[in-house]
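Protein sequences, first through last, are from chains A and B. Quick note on our numbering: the first sequence kicks off at 174 and runs consecutively. Quick note on our numbering: the second sequence kicks off at 556 and runs consecutively.
I should point out that these hints are in silico values taken from the structure, not numbers from a laboratory. Bear in mind that the values here come from a model prediction, so they are computed numbers and not experimental data. Mixed in with the good hints there might be a few duds.
Unchecked claim - With a straight-line cut-off of 20 Å between C-alpha atoms, the simulated SDA-like cross-links for lysine to any residue are:
{"id": "1", "chain 1": "B", "residue 1": "K591", "chain 2": "A", "residue 2": "E223"}
{"id": "2", "chain 1": "B", "residue 1": "K648", "chain 2": "B", "residue 2": "E616"}
{"id": "3", "chain 1": "B", "residue 1": "K591", "chain 2": "A", "residue 2": "R227"}
{"id": "4", "chain 1": "B", "residue 1": "K591", "chain 2": "A", "residue 2": "G238"}
{"id": "5", "chain 1": "B", "residue 1": "K591", "chain 2": "A", "residue 2": "S244"}
{"id": "6", "chain 1": "B", "residue 1": "K591", "chain 2": "A", "residue 2": "L250"}
{"id": "7", "chain 1": "B", "residue 1": "K591", "chain 2": "A", "residue 2": "M247"}
{"id": "8", "chain 1": "B", "residue 1": "K591", "chain 2": "A", "residue 2": "G237"}
{"id": "9", "chain 1": "B", "residue 1": "K591", "chain 2": "A", "residue 2": "H236"}
{"id": "10", "chain 1": "B", "residue 1": "K591", "chain 2": "A", "residue 2": "R240"}
{"id": "11", "chain 1": "A", "residue 1": "K266", "chain 2": "B", "residue 2": "A617"}
{"id": "12", "chain 1": "A", "residue 1": "K266", "chain 2": "B", "residue 2": "E616"}
{"id": "13", "chain 1": "A", "residue 1": "K266", "chain 2": "A", "residue 2": "R278"}
To be verified - Counterexamples of contact, computed for chain B against chain A with all Cβ distances above 10 Å:
{"id": "14", "residue": "P570"}
{"id": "15", "residue": "R600"}
{"id": "16", "residue": "L645"}
{"id": "17", "residue": "R647"}
{"id": "18", "residue": "A664"}
Here a beta-carbon is modelled for each residue, glycine too, at the ideal position from N, C-alpha and C.
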Amino acid sequence: MSATGPSTPKDGRNPSLGASRGRSLAERVMRALLRLFPFDFRADHGRELEQTLRAQYRDAAEHGGVRAVLSLWMEVLGDFVTTAPREHLAVLKQDLGYAFRALRRAPVFAASAVLTLALGMSAATGMVAVVDAVMFRPLTVERPDEIVSISNRNGAMWLSWRDLQDYRAATNVLTDAVGLAPRSASLIVDGAAERIAIGLVTDNYFSMLGVSAAAGRVIQPEKSRAWIDDPVLVLSYAYWQSRFGGDAAVIGRTVRVSGAPFTIIGVASARFRGTEPLLRVSGYVPAGAFEQFNEGRAPGSSFEDRTWRMFATLARLKPGFTIAQARAELDVRAARLAREFPSTHKDVSLRVVPETHTRPTPELGPFLRLAATALAGLAAIVLLITSANLANLLMARAASRGREVALRAALGARRGRIVRQFVTESVVIAVLGGLLAIPIVMFAMSRLRAFIAGVTAAFTFDPDFSVDGRVIASALAIAIGAGVVAGLAPALWVLRSDAAASLRSAGRGVTERFSGRLRSALVVAQVALSLTLLVSGGLFVRSLDRARNIELGFDPDGLVMASASPGLLSYDRAKRVSFYEAVLDRVAALPGVEAAAWIQFPPLGVVGDSAEVSPDPRPSEPDWRPPIAAELVVTPDYFTAARTRQIEGRPFDDRDRAGAPLVAIINETLARRFWPNQSPVGRRLVADTATLEIIGVVQNGKYQNVGEEPRGAVFRPLAQIAPEMATLAVRTSRALADVGPDLRDAFRRVDPDVAVFDVRPMMAHLDNGSAFFPFRLAAFMTSLFGAMGVLLAAIGLYGMVAFQVGRRTQEIGVRMALGAGARDIYRDVLSQGARFAAIGIGVGVLLSGGLAQLLQGLLLGISPFDPLTYLLVAAFLAITCLVASFVPARRAVGVDPLTALRTD
Amino acid sequence: MPADSRTQSFLPLTPPTLHTLVALADGDKHGYAIIKEIARRTDGRVRLGAGTLYAIIRRAEADGLIVETDERPDIALDDERRRYYRLTPLGRKVAAAEIERLESIVEMAREKKLVPRPKSV
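Please model the complete structure; the sequences and the hints are all you need to start from.
Here it is as structure tokens:
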């Protein structure tokens, strides 16, 4: 823009003279600025605004020269920048108000639309949260994107301390490297022992990760010492809160960790959730200080042993270096180690990958990422189906609002404005659905977490499936996106042609037919999928029921379990046995206890023992192979406590101690297999390397999972094996809440250093172990998704039928005017819904049949073609579909023939 | 003039809105004329931006305080057709009510000797 010189002539009146080039630039800028305003505003007042601005510009150029023109532009800019947003806001408010009023007028539609979105979004968001925890959620440390994992590809994947130090020395590519070895430990505070997972860490663990202390201090490396061996303990923040209530007074207190005294020196920061994404690590000790780490050797000797591969290793890349460079450098060092220590490091091949690829371990990482990717794909599909469903619903509504829209268009509302209002409405629905989804997801995730934590295993799994701000924000963003996309469909449909005309012609255009078919296919697919999921769910539920009724070989009702691990305290055999027997004496004497016994690994748990068994002498066939039998280590009263029937011979007793001849009791299956038609009592059995004399036979039972074929089992006396950990089985009529404290007390009186854990009824053990957990999980997941599928399918069907009813309003009116009764109309509309339902169910049955092979191996005692299950599910779906069609049918019947006839 | 609840519902007016209504009180004007008059009457202290003005006009039209009248060429400026606006009776009432409201505040301030009474001319 250029004003003419200081001697401004009056050329404002003759714009064509000289200043035309400057003016057109000014005009372009002005027009661009005008675009800041909303569409409607521009359409109404744009021309005037231009006129006014032009007049102002002319006056300024005429009377004030360059300075006046410049100050005018500044004024205009400032004015537009403050006014335009306000106008946009005003339009938004109007649209929102309109949207909410429209939704209030149609509560059924609004509720089903919001529900659809909420269901779809909670499923998708839940999956996203799981995927996030596995693949994306960064470690809660400083600059987590710099952290890489170093592990061995061949053999043991962790690194020894010495190897770690060698790799750590690659300071040209790495800033530093740390190691962590998770261990079970018993922690005793104020006499109460608890089993926790602790991390044995290298000295630089906290300093490299940049983790500070929330209270006290954390373990810090010291230049003067090769490694720290002070018995100090750093608590995790979560454990500090849950066990100690966040009391700052615990700092400086001495506690016993697996029997050795440790001092609590501090608490890690609240933000830090550890470097193990799936474990709940409650405390950290220096690796050098943990007695157990040395396993009775000279202190620190484990550090020098390069074959003691204990540490999960994380390293920080030096800024500016890539992982490929680090890998190359580390490979060189690994090759050097292979040359120096050929006997132990010959096959060393390093895996250097980003930390996010190694959850939960470097070996399982890739698999889990694959599963997570599949889950993300599934989430995307769910979202797509949800959006399509929402679009369907909106279309149904649009069909019935065609007249309203035509009216408004006739009254002067611009197309763009109408589209925006439709989109605003669907975005409102989407956001409401998204907001509703958030508490659903949080609840579901916490249940899932609790579910997983209940799994009986050596460690407590604690995946961080929390729904944090990032997940919520992305969920809402997706909701808005879905809302916009879903809202455009009906808006454009309504406006594409004269809506009224399209209604009259019942939309028989080609594109109409195509999109109509697409939507029908969607509804049918949803019904089919729901059937498949529900049938699977039903089959799993019935399997679970069967499983609970299977003869287990013992009576689980009335059994209470309590586990202890004296091996954690490095007790020797004799001390362990005396511990077990002392506890047994105390517990057997408790009131209400019928019988009590120890068993190393209760049957049907996640962990169990087995052995290769053969009769002594072995059969002479050349290709005879010893079968694998379950191996259970028990105290004499076990069969009484478990109510397992002894068929022959005698139970274990005081004769069967350490040093005495080795004995065993076998089950019927094994007896019949090795000594058919004879008594096995007195004969000899070889289990792995031990030769045992058989003293008795007990009834068969289930040992690994409830669906197994009858297998052999050999029982051995605990006194002769002295396992490191075992579970006490107590036959009592008292409830857990009642007898639990007494049990813990008995343990404590014998040895307070030993942690007692998993005090629970046998049924809980079965529910969370291999017995019932897989069925429970499968039944839960399929039923959940099946239920959601049914709801979505019902809503989709409702939308479908409502849409068609809306399009046929006139026709229905005519028929009713000509004498058709309500029943005829009902039959007509309901038969539409029934047709969808029938096709969907048919397809679903075929789909389920196809999956039957897959399901076969997972079910128990029930056929994948079980007719009762199919019948029930099909009936349920049919009824649901009929109900979904009922609402639009009722509306169809309510059509006033006159109004319908009097169309635009 | 008795103040009814409908008129009251528009109060208080923003200063630019009041200026605009007052500017129209003595006859129809187009947008630029409103801006110029307000600038002139306030000695350049109140400079209404074009965007603000038309936002006000839009709101006021929607609220029924002003209406658009027939366009007629402004002979002073190149025969361009401009839109003229007129104050509606409701608009008059609302402007007057706002002035009354301001007057009562001014009177209160005077009683408290916050501002001096004008010397009677």
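Status of each hint after checking the structure:
no. : hint              : in the structure
1   : K591(B) - E223(A) : holds (16 Å)
2   : K648(B) - E616(B) : holds (15 Å)
3   : K591(B) - R227(A) : holds (14 Å)
4   : K591(B) - G238(A) : holds (18 Å)
5   : K591(B) - S244(A) : holds (16 Å)
6   : K591(B) - L250(A) : holds (18 Å)
7   : K591(B) - M247(A) : holds (18 Å)
8   : K591(B) - G237(A) : holds (15 Å)
9   : K591(B) - H236(A) : holds (14 Å)
10  : K591(B) - R240(A) : holds (19 Å)
11  : K266(A) - A617(B) : holds (15 Å)
12  : K266(A) - E616(B) : holds (18 Å)
13  : K266(A) - R278(A) : holds (18 Å)
14  : P570              : holds (15 Å)
15  : R600              : holds (14 Å)
16  : L645              : holds (21 Å)
17  : R647              : holds (23 Å)
18  : A664              : holds (30 Å)
Violation of the numbered hints given earlier is absent; every hint is satisfied by the structure.
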